[in-house]
Amino acid sequence: MNKWITIAIDAALLLVFALAPYYLSSYHLSLLGRFLAMAILSLGISITWGRTGILSLGQGVFWGLGAYILAMHLKLAALTPGDMPDFMMWSGLEQLPAWWNVFRNPFVALGGVIVLPTVTAGAIAWLVFNRRVSGVYFALLTQALALVFSTLLISEQAYTGGFNGLTDFNTILGNEIIEPSFQRAIYWITLAVLALAFVLCSWLLDTGFGKVLVAIRDGESRARFLGYSPAAYKTLAFALAGSLAGVSGALYILHAGVISPAMVGVVPSIEMVIAVAVGGRSSLMGVVLGTLLVNFGKDTISSAIPELWQFVVGALFILVVTALPKGLVSVSGLMLRLKSIVFKSSAHQALEGPNA
Amino acid sequence: MGQLAIIAGQLFNGISVGSILLLIALGLALSFGLMNVINMAHGEMLMVGGYLSYLACKIVHGPMSLLFAFLFAFIGAALLGGLLEITVIRWLYGRPLDTLLATWGVSLILQQGARSLFGPIGVEVVAPSWLAGAVSFDHGAFAGLSMPYIRIFIIVLTLVVLVLLVLFIARTRWGLYLRAVHQDREMAQALGVNTKLVDLLVFSVGAGVAGLAGAALAFIAPVTPTVGQKYIVYAFLVVIVGGLGSLFGTTIAAVSVGLVSSSVQMFTSVSLADVFLLILVIVFIQFRPRGIIYARSRNMKEV
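Chains A and B, in that order, are what the protein sequence lines are. Residue numbering for the first sequence follows our numbering, beginning at 71 and increasing consecutively. Residue numbering for the second sequence follows our numbering, beginning at 390 and increasing consecutively.
Incorrect hints may have been included.
[Stated by the list, open to error] Example chain A residues on the side facing chain B (calculated, C-beta under 7 Å, incomplete):
(1) Leu-197
(2) Ala-214
(3) Ile-248
(4) Thr-392
(5) Leu-394
[Stated by the list, open to error] Covered stretches of chain B (chain A as the covering partner; in silico rule of three or more C-beta atoms under 8 Å from a C-beta of chain A):
(6) 476-483
(7) 489-501
(8) 569-577
(9) 654-664
No lab work stands behind these hints: they were computed from the structure. From a predicted model like this one, the values you see are computed outputs, not experimental measurements. Even for Gly, the Cβ is constructed at its ideal location relative to N, Cα and C.
So here's chain B without its partners, still in its complex pose (with noise of 0.2 Å):
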């Protein structure tokens, strides 16, 4: 393999990371910016999204069973998330740490209860056919490249969903709504709009988008109990330094963590780059404490 090969492939393997941690972040972020709430059982959505298109690709077969698949993860994820939002969360409101420990307790529970009833060890779930190949390259400057079709996948599917968050925030009522709750909750609530509706969907939405990219990790690796666990400590760090006011700022720190990890690793081991990621972090709030790009206010609310 060429020098410049072995460069576009981490390229590559970097932004497919990255696509994934952005399909979790956006979630978080926009929970967080928008509720002041710290979900800690995220991770556990995506589990849920694993496990339903493992039971998906089990009922339906054939080409369509990818469809069913996402479609599965994201409805139910979903759901679960709504029902996490009215029975906690909303309890908790105004409390960011508190809802934290409270939905680790729950993240606690979804773990082992996915351990009961799937076993520890992973379950796998098959890729259709034509999503089995991949793109190489055996000629010229790229030989020796290879990008699977499910990562190409996985990447235009988060775009898809970055491009639909994007026209439901900018275009719809809800998204109105959405806009004005974020920038100013009780004059929006002043002004007659349903807050606690708002808050339900956007969480909603969010587990839901989490669920997406737990089907579409099943067909990378096995889900297993605690597949949650691995992705979510870096989607924290991707909120961190994307900041709360945009998606705009998410996808580009979702990618950026991508690359970093990535790049990092071509030269050392998987855990130094994880511990450079994380000095890079440190060292990037000392230069923008709140993120790349953030809400401007002069408010004085503490978070």
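So that you can see chain A by itself, here it is in the shape it has in the complex (with noise of 0.2 Å):
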């Protein structure tokens, strides 16, 4: 009965999104269809930070590469054949690069959008797991690639637009992206491929291969002496959390409209992490819920007061690590242990044991 009503709450929350173009105005939607396309991303991190115990600070670049992708395709969708993009004029280069040209075809930059982003997270993901490389490296490993992306979209600027990113893009598949009604039918696409995502991902963590990887988190050794391999599975979440970005980059740029190294880099990537953890790092609807709550109130405030965006911020991280590590979806549970700190119930504890 419980698995019922869960089912219906998550129906009744998608038709309230669903009717979002009706009741917000058209800035309110972009920005709700954007943060909507992060949400995908952060079904990928909840897969492999909460569900397998992998914290990545470089999703921003999985991301980036799925949204890059897709730019470059907008690029050259309109332009005329033979004609290139104007910075690579500006740049002084002859002609366009053959492998911006391949993404030409959309069905072929449709296809690099998810399989990019995956590989290049699987092989990631193997290199560092295969050779029992610890977590915490994998984190720090990760954060040094998303700064070496950010700063290598920066200095090769006659191929990537350098520091000003891609930006103008006019058409796709012969529609004007700017047009109200292409607007909409963007947003219930990304509605839809999220709404697509959640019900996949929580079907793969209701298998055995979910089980696994919960298995994995909670002691890699023992997983293994049972006989599974845990890079395999790592690497296998890694991977699917690397397509997830991939086609969350590619959607957040229809409704931004520009991507920049800025928006890849090491500090896009961690508060990709903060959203996370704030709504509730092992709970898929935690995690939706958590980005857009993270992104509209980032919104709001670096609007108001840019400056204290940062503070606010920081403390997130700290609070949320410290005091509610299962984030806002565990609120009640917080409640629960205040309480026994409060009165001091010793039949927890006597439960639980010391250590506990």
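Hints in hand, dock the two standalone chains.
Structure (structure tokens):
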């Protein structure tokens, strides 16, 4: 019975979001669309960090790969064959590089958005986890990856548009992007992809695969002794998170209309993690709502008092990690804990033992 | 400039960069090895050291200003590190990924604090006149090579800090405690070592050394609120390559990272050199996943 109630709540929430174009202004709709796209990425972080215990500080890289590939396609789609984007001409390039040109085909671009981040994420995860390098090192290496990725994008101006990134997208598959009806369509597509990803992820976590992920998080050696290969499971989980990130990035730029190195570097990557932590890292619905909450909060605060945002997000990090490690979805649990601290309930301790 | 002079110059640059990385990485390696804590705010200790040395040079003038700058930077950063340990890190013991996020929050707050206090543009610290020159070669094979005194000074400073740390760990009672806690925390605790105090001490000293690095950097480049971010990622790479076993491994790793990045920069751009460095580190851990030197253990502890 409980399961059906959850499904009913999820469906009601989906309906509320689906009707958003009819009650939100176009500005807020665009914001909501962006943040729903980010929520797709958060689902991936929830699987890797919440369930498998892999913390990546470089999700911005996979997100950025998806975003840049679609942006390259959008840039090319607006040009007649033989032309090249304006920033390339300013940088003195003679002709369009071949690896740009392949993304002129929309299906190649769509495939690239999914395949490239997946393969990159999988390869990195395999290289690190196969040698049983600890999760802390993985976090640090992915952070270095985010730094390297963004500095590379900035320095290779002739190929990537440099610091300004890629912008001015006009048409996709023959549609005008700015057209309100198309914006609405993109919003619904984003929501549909999010819903699909949500269902897929919750199904996956219910299967044996999802159970093994949790087993690896809670005791990697134990899982290994039972005959599972932690490296293989972690690689698969991380590759899945990579593909979700790539799709998320591609959808995001359709709403935002711009992609730049500042959006994929170290700081945005870690903000993706905090959004997940606030919602509750191991609850899929928690991370979706947490992402929306943190991003709307960021938008509101940083447009009112720009200096305040960094203080707020810094304090959020400390508070969530120390006081609310399971995120906002566990507020009721926190209340119980506070109560037990205040009333010094000994029964709780007796049940769980002194070390609990 | 001759070929030899260029190579020697790059070697000198590499060692100079490596020595700053070493000053930063020492504290990281010590606190990670001992407490399993990743301090993302370590770069901000560097920044605080830089600003403190700026303030010290404003208050104290003359040739001795340098000494005060380093003293201020060390003590200030160490106190801040101690405060951080007591207020945040202590509560997250045994959850390395969570300390990483919490200290990242601290780092954001410190950065924004510095931005509000000193402004987003960097402040300059002028080195005293006796450090202004450079060792230059006008003749012979090294003609054209020039080594600024200030960079030589930083290399010497790093060596002094390293020797002092080694003596501290190898020769003093608290160093003995440190080694005991590093080997087996529970057993050391059972034998009466105040492990909390050891943690606090190590964390503060590590932060203080980063503060020294910040003060040293302030004489080379302007101090900005984000100066720590630039170095911290490389310092983490140094920790990964060096392993957690000894200061020796960290030293080798820091100098290698400095040398590799400055020699690759001879052939390509700075950002491609970064890419190369990261690939090299990932290749390296295929062969030595726990770094150059690591403590062997039969413990099933999963870090």
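These are the hints, each one checked on the structure:
{"no.": "1", "hint": "Leu-197", "verdict": "holds, 6 Å"}
{"no.": "2", "hint": "Ala-214", "verdict": "holds, 5 Å"}
{"no.": "3", "hint": "Ile-248", "verdict": "violated, 34 Å"}
{"no.": "4", "hint": "Thr-392", "verdict": "holds, 6 Å"}
{"no.": "5", "hint": "Leu-394", "verdict": "violated, 11 Å"}
{"no.": "6", "hint": "476-483", "verdict": "holds (count 3)"}
{"no.": "7", "hint": "489-501", "verdict": "holds (count 11)"}
{"no.": "8", "hint": "569-577", "verdict": "violated (count 0)"}
{"no.": "9", "hint": "654-664", "verdict": "holds (count 6)"}
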